[in-house]
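Dock chain B against the given chain A, drawing on the hints supplied.
2 protein chains.
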Amino acid sequence: MEGKVQVYTGNGKGKTTAALGLAVRSLCAGNKVVIGQFIKGMDYSELKLPQYFDKLSLYQFGRDCFIRRNPTEEDINLAQEGLEKMKAFLQDPSIDLLIFDEINVACEYKLIDPKVIVDMVKERPKTMEVVLTGRYAPQEFLDLADLVTEMKEIKHYYKAGLKARKGIEF
Amino acid sequence: MEGKVQVYTGNGKGKTTAALGLAVRSLCAGNKVVIGQFIKGMDYSELKLPQYFDKLSLYQFGRDCFIRRNPTEEDINLAQEGLEKMKAFLQDPSIDLLIFDEINVACEYKLIDPKVIVDMVKERPKTMEVVLTGRYAPQEFLDLADLVTEMKEIKHYYKAGLKARKGIEF
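In the order they appear, the protein sequences are chains A and B. Quick note, the first sequence lines up with residues 11 to 180 if you use the working numbering. Quick note, the second sequence lines up with residues 11 to 180 if you use the working numbering.
In short, the hints are calculated from the structure, not lab data. Just so it is clear, the structure is predicted and the values come from calculations on it, not from any experiment. One should not assume that every hint holds.
Note that identical chains are pooled: a pair holds if it fits in a single copy or bridges any two copies.
[Claimed, not checked] In silico BS3-like pairs for lysine-lysine, Cα to Cα no more than 27 Å straight-line:
1. Lys42 <-> Lys120
2. Lys162 <-> Lys97
3. Lys162 <-> Lys125
4. Lys120 <-> Lys65
5. Lys136 <-> Lys173
6. Lys125 <-> Lys65
7. Lys95 <-> Lys173
8. Lys136 <-> Lys50
9. Lys95 <-> Lys42
10. Lys125 <-> Lys165
11. Lys173 <-> Lys65
12. Lys165 <-> Lys97
13. Lys173 <-> Lys125
14. Lys162 <-> Lys173
15. Lys97 <-> Lys169
So that you can see chain A by itself, here it is in the shape it has in the complex:
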């Protein structure tokens, strides 16, 4: 089966969540899946997922809080280390699905050059599916992608003052 490139972007809830859903669907089909999460390193519930699935690996390339503006040198170094790791995964034909979670945000904050990702992804084994998530998907990713969904916020409880909840948002 030929692998495609999927992008999930937009300001609404459901991007990382959809990537997780894709991961488990793929795992249920017997596939090997790797998730790399950029620009975040908090204790998400989903970090436990590899305990349930032998064929899933999950890595975090960020710090303990989601970065906003003005990334530090540490943020840049972590993202670059992540990039190197993902580059190696992109050359591993045994991986069926490779997820770059929040990579769009890493590009928006100039931690990573989207052109580098595009070149890497184009050179991957033909069978590998790649998923790129996060707000602010760069034009380079939209051009590269076979599928793009914009998650559009119509209504959000954050606006009503509700904070992120364990097991729902993280």
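Just chain B, lined up with the frame of chain A:
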């Protein structure tokens, strides 16, 4: 924790997938999750998910193909049976997350009256999170929801002639 109502709608890929992602995140947090899939009964990869998680149950209330227009009496009966089952789950305080997958489509095809769902959901235990997915979310659901995300198709490989793929779309 107070449960909210989330709606995932729109014409883009990622609605059922996001609901699956929410389910596994919630399961990883130790919660009990029930998924009811309306208007479809195909052999999806995700049907294997309960093999990995003791606290997940998944039911299908549809036939072996996704219904389009002109539902038959059998479609109506299956949806109504599903509704009865989900009504019972909605009264079970041990369930943390209850997912009505494709319920929006079931309402669009007049298999189910959205007002009946709204009344049922309003009466649920306060701790239960409810997720409603599918294209064509009825206005009643948008009004009820605390969170609504529209999955908007920007680009889709179906348009390039690609068929649904095991482990990716099902």
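Now the hints, each set against the structure:
1. Lys42 <-> Lys120: neither (30 Å within a copy, 40 Å between copies)
2. Lys162 <-> Lys97: neither (30 Å within a copy, 30 Å between copies)
3. Lys162 <-> Lys125: both (25 Å within a copy, 25 Å between copies)
4. Lys120 <-> Lys65: Neither: 32 Å inside a chain and 41 Å across chains, both beyond 27 Å.
5. Lys136 <-> Lys173: Classified as between; 17 Å across copies, 41 Å inside a copy.
6. Lys125 <-> Lys65: neither (29 Å within a copy, 43 Å between copies)
7. Lys95 <-> Lys173: Close neither inside one copy (32 Å) nor across copies (32 Å); limit 27 Å.
8. Lys136 <-> Lys50: neither (29 Å within a copy, 31 Å between copies)
9. Lys95 <-> Lys42: For Lys95 and Lys42, the Cα distance is within 27 Å only inside one copy (16 Å; across copies 35 Å).
10. Lys125 <-> Lys165: Classified as between; 20 Å across copies, 33 Å inside a copy.
11. Lys173 <-> Lys65: Between copies only: 25 Å across, 33 Å inside.
12. Lys165 <-> Lys97: Close across copies (26 Å), not inside one copy (37 Å); limit 27 Å.
13. Lys173 <-> Lys125: This pair counts as neither: shortest intra-copy Cα distance 35 Å, inter-copy 29 Å.
14. Lys162 <-> Lys173: Both, since 19 Å and 25 Å are each at most 27 Å.
15. Lys97 <-> Lys169: Close neither inside one copy (38 Å) nor across copies (30 Å); limit 27 Å.
This entry does not satisfy hints 1, 2, 4, 6, 7, 8, 13, 15, going by the numbered hints stated previously.
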